[in-house]
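In the numbering used here, the protein residues as written are 1 to 61.
Hints should not be assumed to be uniformly reliable.
To be verified - Simulated DEER-style distance windows between Cβ atoms:
1. HIS43 x ARG17: 29 to 35 Å
2. GLN52 x ARG17: 30 to 36 Å
3. VAL37 x ARG17: 19 to 25 Å
4. LEU44 x GLN24: 29 to 35 Å
5. ALA31 x GLN52: 29 to 35 Å
It is worth saying that the hints were derived from the structure and are not from the lab.
The beta carbon of each residue, even a glycine, is placed where N, CA and C say it ideally should be.
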Amino acid sequence: MPKPTIVENTTLTATARLQPSDYQYSEAFKAHFPEQVNYLLHHLKDLVVIAQRVPETQSAK
Numbered sequence: 001m002p003k004p005t006i007v008e009n010t011t012l013t014a015t016a017r018l019q020p021s022d023y024q025y026s027e028a029f030k031a032h033f034p035e036q037v038n039y040l041l042h043h044l045k046d047l048v049v050i051a052q053r054v055p056e057t058q059s060a061k
């Protein structure tokens, strides 16, 4: 898996591949911490929108 790269201290690029066991773990975590998971998912959507606005020229080389 590629390591995350920070460009100019503002951009974080990461790639992850989920395994079947990761889904089981995430469901168990979600069951125990529903409020925290909802909070994180809510803000993750905001980060995805921001990331989509970053020009391609600022991406890691």
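Evaluated hints:
no., hint, verdict
1, HIS43 x ARG17: 29 to 35 Å, "violated, 23 Å"
2, GLN52 x ARG17: 30 to 36 Å, "violated, 21 Å"
3, VAL37 x ARG17: 19 to 25 Å, "holds, 21 Å"
4, LEU44 x GLN24: 29 to 35 Å, "violated, 20 Å"
5, ALA31 x GLN52: 29 to 35 Å, "holds, 31 Å"
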